[in-house]
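The primary structure of each chain is shown beneath.
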Amino acid sequence: MKLSRSEVVHVANLARLDLSEVEVELFTEQLGLILEHATDIGALDLDGVEPTARPVPQENVMRQDEVRPGLDRRDVLSSAPAVESNRFLVPRIIGEEP
Amino acid sequence: MSVDRNSFETVIGLEVHCELLTATKLFCGCPNVFGEEPNTNICPVCLGLPGSLPVLNSQAVELAMRIGLALNCEIRPSSFHRKNYFYPDQAKDYQISQYDEPINSNGFLELPDGSRVGVTRAHLEEDTGKTTHVGGGGRVHSAERSLVDYNRSGVPLVEIVSEPDIRSGAQARAYVSELRSILVATRASDGKMEEGSMRVDANVSVRPLGATEFGTRCEVKNLNSLRSLTRAIDYEAARQIELINNGEEVQQETRHWDEDSGSTSSMRSKEEAYDYRYFPEPDLVRLAPDDAWIASVRESLGPLPARRRAKLVSLLGGSPSGPEMDQVLATVELDLDFLVIEAAKAGAPAALALARASNEVASNLDALRSLDPAAFSTTVQMESRGDLSSTQAKAVIAELMSTGRTDPVAVARDKGFEAMSGELIAQEVAKAVSEAPQEWKRYLSGEEKLSQFFIGKVMKATRGKANGKDVVAELRRLSASEGE
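These protein sequences, in sequence, are chains A and B.
Just so we're on the same page, the working numbering is the position in the first sequence counted from 1, plus 1389.
Just so we're on the same page, the working numbering is the position in the second sequence counted from 1, plus 90.
Derived from the structure by calculation, the hints contain no laboratory data.
Hints may contain errors.
Not everything, but these chain B residues come out facing chain A in the computed CB check (under 8 angstroms) [claimed, not checked]: (1) T112; (2) E126; (3) P128; (4) I132; (5) C133; (6) L137; (7) F176; (8) E309; (9) N312; (10) N314; (11) R317; (12) A378.
Quick reminder that beta carbons are idealized off the backbone N, C-alpha and C, glycines included.
All chains should be modelled from the sequences, with the hints used to inform the complete structure.
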């Protein structure tokens, strides 16, 4: 499977990566090779094989609804780049609300 | 906007997010509470610190299944995905949600008017942190900077997605009201729109009457009350119809409802449509509740609002008036029907108990815990016997709720609410009549509505102690004796 240049630009934009022209060329090539490798699976007969998202056949791992101590606000905020009114201060948001 | 709206049909689907009433968050042990000091309920998991791992809260699953079963959904094995986006309300830069395999699917909700709205799915996901935009009027685009509180980040949510089966703002309102009743009745969520524990987004489109294809839809956000829900839908439908009538096209986009201006405005255009790159959450395993668990949740559901309303209606004798039906709806929605049922069991008239529950008790819900149901029931009986006027009964209920006292007879005595004897009432009525000869003449000549005037006068003179019914009876007796 060949990856197009515009697909790489799109994915880089989604990941907020600022790629140079040279990098776009390089990653189009490299990511293309990785996808090509994955397409080998397409050669196999997988009819009747359930899709697998996880290698462990485990289900229903849960915890009780019990409060556990968290982190101290002072400690957490002291490692934040900027703080205002006990909240994390982030620069002006340029993107869109999700 | 004046457009020909009658040749169009509005098509609405609703997405309702509700916060679950768990003690802790969905994937960590931080408390799930509203209104705390910012960033006091946070830990490595909900801050997305490297190396932290989520573990699913079993109570959140239980509550999600309650919602699903109450909405007639199928409960199926499900899984979690990461929804990726860059926005500081999630420290991880993704939200854990359910994507192609939701826990609940294919249900429906029946509204009080008998109409049925399909429920596509009701899935589990985590809430985001709270962002506050500083400067520029508090909107994200114009703000100078934003502040983030992660207390809400990771709070368990169920998102309930309806089919596009709703046809008007009024029906959307009925759907959300009924849904809220169900959430409260199943103790899954507190359903408080004003605190944001229940949030509604509306997908609105219009199409010519008789058309089978759907029109292009817009998603309307920021609907913080039932009132804004209906207003926003009506506005948005009219806006789209006007576009079409002017030969323009509706753009698929997300629009922001502004309560003050009563209008919607574009939030983001189609070109910027989000690509969330969902992929399976590698840190969580599949969720597959077994039949025994599902059965026990089904058993714990208790009667749903529709059946509880039917119970009240039967206590009222089966054919309630319009205002009584409104009281029935409100009483069940506010979870107060047990008061009416208990009072009726003790022999109080159901209609009076319903009126007091849906007005006096409902207007003071914060003090509900202090109200002893037996004391409520006794107060209603005292009023129905005429031992208390309605003004006095209301005051006694207020006192019971504010103090937690359980002895309405003593409360009435302490307030000086002695029942007025027939003799005293007769004196007061005679006084009122002699003070207003003109009105009395008109009453005698058949102006029945003037009885309200005399009730008011007597009430004022007795500071609410007189019973309105007794006053009317005395007026009738007087007028009959004058006619002789």
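Results of checking the hints against the structure:
{"no.": "1", "hint": "T112", "in the structure": "5 angstroms, holds"}
{"no.": "2", "hint": "E126", "in the structure": "11 angstroms, violated"}
{"no.": "3", "hint": "P128", "in the structure": "5 angstroms, holds"}
{"no.": "4", "hint": "I132", "in the structure": "5 angstroms, holds"}
{"no.": "5", "hint": "C133", "in the structure": "4 angstroms, holds"}
{"no.": "6", "hint": "L137", "in the structure": "7 angstroms, holds"}
{"no.": "7", "hint": "F176", "in the structure": "6 angstroms, holds"}
{"no.": "8", "hint": "E309", "in the structure": "12 angstroms, violated"}
{"no.": "9", "hint": "N312", "in the structure": "10 angstroms, violated"}
{"no.": "10", "hint": "N314", "in the structure": "15 angstroms, violated"}
{"no.": "11", "hint": "R317", "in the structure": "23 angstroms, violated"}
{"no.": "12", "hint": "A378", "in the structure": "5 angstroms, holds"}
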